[in-house]
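Trainee: What follows is each chain in one-letter form.
Protein chains: 2
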Amino acid sequence: MNQEEEKRAAPCSSSVFVNNPHLDVMKEDVLYHFGLGTATHDLPARFGDVKFVCVGGSPWRMKSFTEYIAAEISMEDPESEYPNICAGTDRYAMYKVGPVLSVSHGMGIPSIAIMLHELIKLLHHAHCQDVTIIRIGTSGGIGLKPGTVVVTKQSMDATFLPKFEQVILGKTVVRNTDLDQCLAEELLQCSNELNQFETVIGNTMCTLDFYEGQARLDGAFCSYTEKDKQEYLKKASEAGICNIEMESSVFAAMCKLSGLRAAVVCVTLLDRLKGDQLGGSHEVLHSYQLRPQILVGNYIKKQLKAKAGRS
Amino acid sequence: MNQEEEKRAAPCSSSVFVNNPHLDVMKEDVLYHFGLGTATHDLPARFGDVKFVCVGGSPWRMKSFTEYIAAEISMEDPESEYPNICAGTDRYAMYKVGPVLSVSHGMGIPSIAIMLHELIKLLHHAHCQDVTIIRIGTSGGIGLKPGTVVVTKQSMDATFLPKFEQVILGKTVVRNTDLDQCLAEELLQCSNELNQFETVIGNTMCTLDFYEGQARLDGAFCSYTEKDKQEYLKKASEAGICNIEMESSVFAAMCKLSGLRAAVVCVTLLDRLKGDQLGGSHEVLHSYQLRPQILVGNYIKKQLKAKAGRS
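First to last, the protein sequences are chains X and A. For what it's worth, this note's numbering labels the leading residue of the first sequence as 2, then goes sequentially. For what it's worth, this note's numbering labels the leading residue of the second sequence as 2, then goes sequentially.
No lab work stands behind these hints, which were simulated from the structure alone. A quick note: this is a predicted structure, and the numbers were derived from the prediction, not measured. Be a bit skeptical, because a hint or two may be false.
Heads up, the list lumps identical chains together, so a pair's fine if it works in one copy or across two of them.
[As the list claims (entries may be wrong)] Below, a list of computed lysine-lysine pairs in the DSS-like style, where the Cα atoms sit at most 25 Å apart:
(1) Lys-172 with Lys-275
(2) Lys-230 with Lys-303
(3) Lys-235 with Lys-146
(4) Lys-230 with Lys-302
(5) Lys-172 with Lys-235
(6) Lys-97 with Lys-303
(7) Lys-172 with Lys-154
(8) Lys-172 with Lys-230
(9) Lys-64 with Lys-275
(10) Lys-28 with Lys-230
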């Protein structure tokens with residue numbers, strides 16, 4: 002078995018991130034959408050200690066997560082403003098506090114995929130080891146009380162199949178969307194200990210569209226009835242789908258390919274069986290959005306404590 | 002022919018934007034990702050005069066476009082900061098100066114689709130008439146000198162077909178990606194008059210991914226060779242494809258469905274036959290990014306002058 006085969010045979014080893022022979026012969030790698038690069042930034046010095054990466058759609062939420070986690074792990078610096086590491090671009094925002102990196106990814110599969118390609122290369126160039134990555138997001142629930150947090154078991158497509166289709170050179174390649182089941186169980190356990198809000202483990206449907214793609218009746222176009230919508234969501238529910246969002250499938254697929262320990266933790270902002278519009282009060286929606294942060298913040302704190310105890 | 006049939010028979014009439022009977026019975030419509038709504042904002046008063054909408058990926062670029070267009074159409078207000086109309090959310094940024102609305106859409110089909118659903122509903126609620134919408138963006142060129150501006154003739158998918166596939170209730174619906182050919186010719190004519198940079202009309206390939214989906218060799222994963230890449234791009238070129246980006250297909254499809262006069266104007270930042278990385282100097286890349294703004298700004302100025310002359 003040569004080195005390349007060995008690498009492929011152990012896709013879950015703790016430092017296998019990239020799988021691209023072309024990168025080895027590049028003099029320089031520009032991570033364009035981060036405004037970072039191997040020739041312009043000392044990536045091992047700046048990112049080599051990263052153990053946890055949290056990603057979410059909104060740049061504001063990822064900044065607020067950084068402030069929250071800094072206090073949780075007692076690394077807050079009252080003098081610090083937590084500067085945006087990607088300040089040279091407005092495509093993504095990135096913050097770091099100790100071993101925790103926080104990155105925004107925008108909305109939808111293409112947007113998070115660009116970010117993940119560059120993040121995975123960043124972790125590779127920085128020689129990071131044993132990295133856990135968690136998406137903290139928002140979603141529409143199916144039959145759950147709004148505010149319930151869902152830890153994803155499997156990410157499914159709009160036909161309720163656990164797969165992600167990647168088009169390469171015009172041909173469709175099907176990728177596995179498995180997530181780390183141990184990590185999901187640990188997160189559920191953590192939520193039970195916290196006992197602040199309900200958390201469940203369930204399947205998550207990942208769609209390419211928020212309106213027609215999620216059977217909403219309130220988009221600019223709609224050619225189906227309330228009954229059609231309810232039937233579709235009922236079938237989704239029968240496939241074990243608890244919530245719907247727009248990034249989990251490619252997130253699961255890319256993390257699996259790069260050997261990252263990955264989980265998806267999304268709060269449900271509404272019950273889609275009862276409506277489509279996100280019209281709740283700003284305060285209530287905001288408090289729901291904090292829940293994945295609180296859960297994942299607590300999980301990271303616990304892990305770091307356990308690690309400190311072992312060393 | 003009843004009213005509904007009449008509406009469908011004239012899909013290009015100047016004020017048909019939405020096609021969703023459910024909207025008529027909603028007491029209130031919350032445009033969630035804009036932080037606007039029919040119950041909280043007087044949309045006709047604030048947006049009723051909109052005649053041009055320019056959209057682009059980056060919020061910074063759309064703000065800078067607003068400042069540019071304000072000066073071009075002599076509506077600049079030295080006191081004004083052009084406040085972000087969507088300041089209550091960080092999903093999109095929106096600016097308005099006179100009849101020109103400028104909105105960011107993030108990266109990729111799902112992100113621009115969410116924005117377009119809410120924009121089309123906004124134009125509908127505001128009773129706008131005769132609206133022209135233009136996407137100003139960046140792209141990778143095929144066989145063009147970097148900095149060339151491409152006005153899209155047809156938007157094609159990764160198999161070089163002029164279609165957009167929308168999944169509705171788990172089933173794939175194929176939509177037409179035709180753009181307004183007169184508008185494209187007018188924009189080309191406008192660029193010829195300006196004579197500042199080269200502009201061509203050609204097909205644009207729209208992909209769901211920036212790395213593997215566009216045959217790049219510099220992503221986190223790559224399973225093909227430089228030769229495979231060149232062959233794929235050569236085939237694209239033979240199908241009349243001049244550039245590659247990530248939003249034009251759903252943009253064309255949704256604008257066509259809603260009767261908006263639409264064009265896509267993207268500058269090419271590099272020639273993909275010669276490389277993959279966006280490593281040019283910041284100044285050069287920035288000057289290229291201004292070109293679609295300059296062209297579209299000039300076009301709008303010309304249209305407004307012609308209209309003022311007629312009235």
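Trainee: Each of the hints needs a verdict: does it hold here or not?
Mentor: Hint-by-hint comparison with the structure:
no.: 1; hint: Lys-172 with Lys-275; verdict: between (39 Å within a copy, 23 Å between copies)
no.: 2; hint: Lys-230 with Lys-303; verdict: neither (42 Å within a copy, 46 Å between copies)
no.: 3; hint: Lys-235 with Lys-146; verdict: within (16 Å within a copy, 53 Å between copies)
no.: 4; hint: Lys-230 with Lys-302; verdict: neither (41 Å within a copy, 45 Å between copies)
no.: 5; hint: Lys-172 with Lys-235; verdict: between (32 Å within a copy, 16 Å between copies)
no.: 6; hint: Lys-97 with Lys-303; verdict: within (18 Å within a copy, 48 Å between copies)
no.: 7; hint: Lys-172 with Lys-154; verdict: between (28 Å within a copy, 24 Å between copies)
no.: 8; hint: Lys-172 with Lys-230; verdict: between (31 Å within a copy, 13 Å between copies)
no.: 9; hint: Lys-64 with Lys-275; verdict: neither (32 Å within a copy, 38 Å between copies)
no.: 10; hint: Lys-28 with Lys-230; verdict: between (52 Å within a copy, 20 Å between copies)
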